[in-house]
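Asker: All chains should be built: construct the whole structure from the sequences, respecting the hints.
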Amino acid sequence: MTTMELNAELFRQLSIIAEDESLMRKAVKAVTRLAKQKETEETEYIGKEEILKGIDAGLKEVKLTREGKLAPKLARDFLNEL
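So in this note's numbering, the last one in the sequence shown is 153, and the numbering has no gaps at all.
Careful: at least some of the hints might be erroneous.
Below, in silico cross-link-like pairs of lysine-lysine (DSSO-like), each with a Cα-Cα straight-line distance of 30 angstroms or less [to be verified]:
(1) 131 / 119
(2) 109 / 119
(3) 109 / 97
(4) 124 / 109
(5) 97 / 107
(6) 107 / 119
What follows is a list of derived Cβ distance ranges for each label pair [said to hold, decoys possible]:
(7) 92 / 128: 53 to 63 angstroms
(8) 128 / 81: 43 to 53 angstroms
(9) 101 / 75: 18 to 28 angstroms
No lab work stands behind these hints, which were simulated from the structure alone.
The beta-carbon is built from N, C-alpha and C at its ideal position, and this holds for glycine as well.
Answerer: As structure tokens, this is what we get:
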């Protein structure tokens, strides 16, 4: 089924139970649960280990720059990377 066909089928099924408040509450609850599940799946979380590695790498780069082993980036180059 295409998305449009699924959408039409969903509304057809909802129209069947539209007069029954109890069934409509169950339907809303089920759809809400599915929507929250989708939001959770789409949210990308960065783990603590990845965050700490990133901080560590940044601090090492700053230290190397201060010691003169790494040429500092020009602000223009930094903005171009962004």
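Asker: Determine for every hint whether it applies to the structure shown.
Answerer: Outcome of the hint check:
{"no.": "1", "hint": "131 / 119", "in the structure": "holds (18 angstroms)"}
{"no.": "2", "hint": "109 / 119", "in the structure": "holds (23 angstroms)"}
{"no.": "3", "hint": "109 / 97", "in the structure": "holds (19 angstroms)"}
{"no.": "4", "hint": "124 / 109", "in the structure": "holds (29 angstroms)"}
{"no.": "5", "hint": "97 / 107", "in the structure": "holds (15 angstroms)"}
{"no.": "6", "hint": "107 / 119", "in the structure": "holds (24 angstroms)"}
{"no.": "7", "hint": "92 / 128: 53 to 63 angstroms", "in the structure": "holds (57 angstroms)"}
{"no.": "8", "hint": "128 / 81: 43 to 53 angstroms", "in the structure": "holds (48 angstroms)"}
{"no.": "9", "hint": "101 / 75: 18 to 28 angstroms", "in the structure": "holds (21 angstroms)"}
The structure is consistent with each of the numbered hints, conforming to all of them.
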